[in-house]
Amino acid sequence: MTQLPETTTRKLGLVIDLDTCVGCHACVISCKGWNTENYGAPLSDTDPYGADPSGTFLNRVHSYEVTPETGPAQLVHFPKSCLHCDDAPCVTVCPTGASYKRADDGIVLVNESACIGCGLCAWACPYGAREMDPVEKVMKKCTLCVDRIYNENLPEVDRVPACVRTCPSGARHFGDFADPDSHVSRLSAERGGMDLMPEMGTRPVNKYLPPRPRDVGGDIDILAPFLTPVTDGPKGFLGWLDRALSTLPGGN
Amino acid sequence: MTHPEPALNLSPPVSDEVRQTTCYMCACRCGINVHLKNGKVAYIEGNRDHPVNKGVLCAKGSAGIMQHNAPSRLRAPLKRTGPRGSGEYEEISWDEALTLATSWLKPIRDTAPEKLAFFTGRDQSQSFTSLWAQAYGTPNYAAHGGFCSVNMAAAGIYTMGGAFWEFGQPDWDHAKLFLLFGVAEDHDSNPIKMGIGKLKGRGAKVIGINPIRTGYNAVADDWYGITPGTDGLLVLALVHCLMTAGQIDLPYLAQFTNAACLVNEDPGSAQHGLILKNEDGKALVIDKRTGKPAAWDGAGVEPDLGATWRHKGVTHRPVLHHMADRYLSADYAPEAVAERTGIPVDRIRHLAAEIARTAFETPVVLDREWTDFRGKTHKTMIGRPVAMHAMRGISAHSNGFQTARALHLLQILIGAVETPGGMRFKPPYPKPATAHPKPHCKVTPGQPLNGPHLGYPQGPADLCLTGDGTAARIDKAFTWENPLSAHGMMHMVISNAHAGDPYRIDTLFLYMANMAWNSSMNTSGTMEMLTDTDENGDYVIPHIIYSDAYASEMVAYADLILPDTTYLERHDCISLLDRPICEAGAVADAIRWPVVEPDRDVRGFQSVLCDLGARLGLPGFVNADGSATYADYADYITNHIRRPGIGPLAGWRMGETGLQHGRGGANQGQLDSYIANGGFWVEHVPDDAAYYKPFNMGYQTWAVKMGFYDSPQPYIFQLYCDPLRRFQMAAQGVGAHQPPDHLRGQIMTTMDPLPLWYPPFEDGHVDPVEYPLHALTQRPMAMYHSWGSQNAWLRQIHGVNPLYVPTRLWVQHGFKPGDWARVSSAHGSITVPVAEMAALNDNTVWTWNAIGKRKGTWALDGDTPEATQGFLLNHLIHELLPPRGDGLRWSNSDPITGQAAWFDLRVKLEPSAAPDASQPHHPGMASPVPPAPGHLSWKVGT
Amino acid sequence: MHPAPSVIWFTTLSGLGFGLLFWLGLGYPVVTGWAAFAFFTIGYLLAVGGLLASTFHLGHPERALRAFTQWHTSWLSREAWLAVSALVVMAVYGAGLVFFDNRINGLGWLGAAFSLGTVGTTSMIYAQLKTVPRWHHWSTPVMFMTTALAGGALLAGQSRFALSLLAIAGTALLGHWMAGDRQFGASGTTLNTATGLPGQVRSFAPPHTGSNYLLREFVYVVGRKHAGRLRMLALVLGFGVPILCLVLPFNHWLAAVAVLSHIAGIATGRWLFFAQAEHVVGLYYGKR
Ligand SMILES: Nc1nc2c(c(=O)[nH]1)N[C@H]1C(S)=C(S)[C@@H](COP(=O)(O)OP(=O)(O)OC[C@H]3O[C@@H](n4cnc5c(=O)[nH]c(N)nc54)[C@H](O)[C@@H]3O)O[C@H]1N2
Ligand SMILES: Nc1nc2c(c(=O)[nH]1)N[C@H]1C(S)=C(S)[C@@H](COP(=O)(O)OP(=O)(O)OC[C@H]3O[C@@H](n4cnc5c(=O)[nH]c(N)nc54)[C@H](O)[C@@H]3O)O[C@H]1N2
Ligand code: SF4
Ligand code: SF4
Ligand code: SF4
Ligand code: SF4
Ligand code: SF4
Ligand SMILES: [Mo]
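Residue numbers (numbering that gives the first Met the number 0), protein chains in the order written: chain U, 0 to 251; chain Y, 0 to 941; chain S, 0 to 287.
Calculated from the structure, these hints are not laboratory results.
Where hints are given, some of them may not hold.
[Claimed, not checked] Examples of chain U residues toward chain Y, derived with CB under 10 Å:
no. : residue
1   : CYS20
2   : ALA161
3   : ASP214
[What the hints assert, rightly or not] Restricting the straight-line Cα-Cα distance to at most 30 Å, the calculated cross-link-like pairs of lysine-lysine (BS3-like) are:
no. : chain 1 : residue 1 : chain 2 : residue 2
4   : Y       : LYS281    : Y       : LYS704
5   : U       : LYS234    : Y       : LYS276
6   : U       : LYS234    : Y       : LYS291
7   : Y       : LYS311    : U       : LYS234
8   : Y       : LYS375    : Y       : LYS281
9   : Y       : LYS105    : Y       : LYS437
10  : Y       : LYS704    : Y       : LYS437
11  : U       : LYS136    : Y       : LYS39
12  : U       : LYS136    : S       : LYS286
13  : U       : LYS136    : Y       : LYS938
These numbers come from a predicted model, not from an experiment.
Quick reminder that beta carbons are idealized off the backbone N, C-alpha and C, glycines included.
Work the whole structure out from these sequences, hints included.
Here is the structure:
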């Protein structure tokens, strides 16, 4: 099992739009909520009300400051969960076969009942997408909500990952990257979807849309005419006003 | 080759049952689906059909399960056993608790009802709590609006009969340019995020005007890192540029604003500076057709923006001329404001040009015919797709009211209010100030108050003053110091009550407000006032009753605690009489209902008020036979009739022919109908009524049908604000009602009928050279004030709140990660952890709001990061400005509305050795609840 | 990386144990009876002890058998196979020597191969990880195997081999450090490639102010500043002192000192092996 499928029928994954993510952490908590109650062991929290609270999360939102050569510094909110890599090192290193990539849709999962909790898969993941649960002692990771996306107990519209369903600003998109016409494939193509750490050769399925250019301003030559003065000071304004009013259809 | 994979159940059962109610992890009030397993809350998600959130849910909402199960939940009524502040209590029965409360409240009602001060926090039942307070007879009632954003609300209502805050929203579907002033999160948490998503999806441009670039401002295409307190200057400079270039919407100004109304120019006249009115009090314009004055709303009248009018030797000039006089002056030229605002001249001009281009070169035109109040039919709805939104960054300054007015002036000048692509009001708004009640304060022992407490004064005659001119209200709302304090001034209650100024009170009754901590300015001082004793050793504030649901800081300062349920365990009503959840295109209200039963001896506060009201014999709460009128809040929601045909909920009311919406009699099945419908009711505004609402007869008739008001209330926008001018006149000595002399100057300069900018007051009281920095707070999107920290999931995201320092200062002070700094204001100092931030105004420091916690509270265990590194900026802010040698203490608030000026704060900063805990550090207090569990593996299903 | 005692002792002891077994397999020394029993016991105690230590960091040791299933992709699985094979083969071979005075050369050589192979696979568990550039280098297996050979020779009392091998292993360790110090830079992985964001990027705020598994496991920065001194210590204890003892005229006490010092030195080296290793995930947290 820990051999990777040569190909997967579909490549399900996420597009995350860094131009739109406001860093609200909604996806973080809906993920925590869904996956605590559902797939496998609950995501536990140690010392939850004490001095060193620490819990298992499958999705976390970082914030980075980008300082360009010119123009003011920018802030980018950066959600990160499993990228469901095609060449997933976390899978091949697993000694037990607990860690595997589904041939059908490419989702990378952990079969918790087979996991010995050696942690090696987390070592092998460049993205910090796997966390050992401190209470259950098994490896937890983003399941791409495999227990939602096909779930017949959910209405059709809700068969998407919890984080995607909840994202208020619509910065998360779910779909099949194997289909070039899918919403996610097109978005990624149009907006230059990026791989994280391409040099790692993991070939992530999830794509990140870069922030659009900031603070570039419009072309001042085009804009300048809009501010051509019709007046210097109040007196001139009233003159202009009379002229302007008389040209208005029906006086207004 | 494919590989054997473990069998996986791809369709596991999601829950036994889904119950739909309304979130209350914050005041946005989204619809939620609460999934239950074995009768326990298993998962919370957004309700897709809900008008507010359409399925999405924020971090707080999804973490509701941890709030609902928080170990900090109070378990039974508490009676104080130790001294105030110790946190020592005994649990008592409800009967004992309510008997005790009655024994305090009954005698003062019979003798001096004003000795009860009843103030509520982010109360979502103000129409109910105010009714109770009115029946009790005390003038001393208000909710938290006074320290929240009353500047925003009042400026909007006085100017355009609607406001930002919860009363209006951008037209997300048509806007092409969006300007966001001073917003980190706002009440419309999810709708704003959804809206920004929509704009981004359409490639519309988002511009953030904010000293701090996080969240919404981080995704803004352009960022203007303005100097705090100077937005009024920037906005009026934009007005200057647009007027200079004639880039203004003349037809809109002429028809739908008072720009054409005539202002009396005769300095000798008692009407000087007031708008000319006819005998039945209607503002006059010159009708283009006749060249003669006509009532603004006369059929077919064509107001002339240009014409002046000379009458009985007095010249009258249209408001627009006055605007030209003021805004075309060099004082508002970009060159004049650039340095102060920190925005270079070319960027200001650039912004102005972009507004002009979007508004006038790319208008939105909808093919919808509509008829205005003058009977004129318009073939289309023309829109200027420049949307703006603003909140506390504008309002939490002492110049916030006028700055908000300036913003509305800018919007109106380009015709971008209630037009496609601009700003839209949410029903039951628009509603002009004149259609709102005026404040009432007449006390009669044993009797109800003479009317609603809060309202919108039209002039000095409407102030809440006693015969001898002193304040009638304990918070001194509606006095000459802040005449238009439309939401009251909760932040002044404790200090005034402690000072016995204007008078002493007996019982302070608080609901849902953490006044002993993050909710107060001068937090340490507030704690002292709450515990201070007189010469006989009695508490200066004799009785304190408080309703909270959790073990907050404030709990420890009350003598009697009335424990509330969590939001999933009670009935609530988000009413059109109150702060409804409507969207611009739809009217809506909603309920909460007990989707799970409390497992503790707690009661919904509103139900408790029904009981208490009956015990006190308050009219409207007790029947002739002495029995309670309302068994509980659900009973009130269903059966209370406010006006004929109008009750707390507008959906599924009883009409002659059956159930109907809007108006109608009580319907015993009403709550069931709401529950069946997902906990809310919504009805869409007809297409031809969706825009131009204040002027659109289609909307006006629909609004009457819905019961927002009983007759059409068309009006025009008040660019020039007469009520303000009336106070100015009084300050000039005109009229029967005269302000104290020391306030004349302030009233003259600040209560100008046309928007203007003046420096934040703190600048005049605090040496800007000694205190060169502005200090701000922001709402973290994943935390709600102080409640978030009791939430096991949320507190992992925001467990500490460093003070963010701009790179310039970071380098200058040689800070390194992990360093601490001492931050001082004229009032006090704090020692806190610092962190670097480049995307920040060079003279501004900031931190997340309300993360710091007092040791021993919220069922948090001992030396938590919130208590050792977390901190409040509040220790640096005082409700009064520092003395400036004139023998007076000026209030740290807006001189017009009394809005607390949180963001005027000036500080200085110096590196400090790391203390063992952030300073000031308050000793821990005993916890009224048992210790919390050591770990969580939360799964209720099997 | 977090220097967990379990993995430090595992790699140190089992390396030494299998190193000893390697020499015994080759017949250095050719021992039988009680002498053989003594040597084999030491070899097994170290090897098995090390293996046991490694199971301490497993969340579910009771499922350890599953670790044998994925030999075709997983170095950890392969290590399991080789370790067990080595122990079984050497057991039969050892039994021959101890009880029957009979040395089956073929078995010995096979067992030696398995033993060295075990150490090799152990090293590959680390060397395969692109995510830890310092480890992802051929010098890692070389360092592990030479160390095992040297330690084994020392225990087996093969002074001749031991002297040269200690020198070689010491050099290998030094080389591993020198190569390792350049690896992260050479890997080309930066916060820019990690985020795809251009220009000057800085971690503004971590996703959670609370701690988490990743930071505890991968972002271990404590005590790195002592690295220089500790490296010296590792070299002196692990190789210098033993070599000195070997050149001095033989004496049991010296031999004991040599071995103990060697173990201490290797353990120190292994602590550094983990403590100095930087996982690329640290970049996301603005740490290395
Ligand atoms: N998640 C969450 N949501 C909340 C709340 C919460 O606690 N948590 N609280 C709710 C409540 S009670 C309220 S009142 C609303 C408030 O919602 P907001 O109005 O967003 O209030 P703040 O978070 O104080 O944000 C004030 C913003 O104004 C900026 N600012 C400060 N001074 C100036 C200035 O002079 N000019 C400009 N242009 N900007 C300035 C600050 O940098 C900050 O970004 O949020 C509500 N929603
Ligand atoms: N420095 C600084 N200070 C500020 C602000 C700022 O921007 N900067 N913002 C100010 C503003 S705008 C506001 S609105 C205030 C908000 O400050 P508060 O109104 O004090 O808000 P919370 O901290 O949420 O406290 C509300 C109290 O209600 C309790 N509570 C929660 N749920 C329930 C319930 O269901 N029933 C009952 N009975 N009680 C409940 C909580 O336990 C808490 O004790 O803070 C103000 N303080
Ligand atoms: S929910 Fe959406 S906007 Fe919020 S942090 Fe996650 S991705 Fe970003
Ligand atoms: S992101 Fe990490 S855990 Fe997910 S597939 Fe890639 S390597 Fe494996
Ligand atoms: S922790 Fe579990 S899933 Fe990960 S490698 Fe070890 S056995 Fe496989
Ligand atoms: S897809 Fe599911 S598991 Fe993965 S991050 Fe989103 S919510 Fe969490
Ligand atoms: S914004 Fe979040 S917390 Fe507020 S009501 Fe909506 S879901 Fe609940
Ligand atoms: Mo507020």
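Structure-based check of each hint:
1. CYS20: holds (7 Å)
2. ALA161: The hint holds - ALA161 of chain U has a Cβ within 10 Å of chain Y, the shortest such distance being about 7 Å.
3. ASP214: Cβ of ASP214 of chain U sits 5 Å from chain Y, so the hint holds.
4. Y:LYS281 / Y:LYS704: Roughly 26 Å separates the two Cα atoms, so the pair holds.
5. U:LYS234 / Y:LYS276: Judged against 30 Å, a Cα distance of about 26 Å means the pair holds.
6. U:LYS234 / Y:LYS291: holds (24 Å)
7. Y:LYS311 / U:LYS234: holds (25 Å)
8. Y:LYS375 / Y:LYS281: Holds, because 19 Å separates the two Cα atoms, which is no more than 30 Å.
9. Y:LYS105 / Y:LYS437: holds (28 Å)
10. Y:LYS704 / Y:LYS437: holds (24 Å)
11. U:LYS136 / Y:LYS39: holds (26 Å)
12. U:LYS136 / S:LYS286: holds (26 Å)
13. U:LYS136 / Y:LYS938: Holds, at roughly 16 Å.
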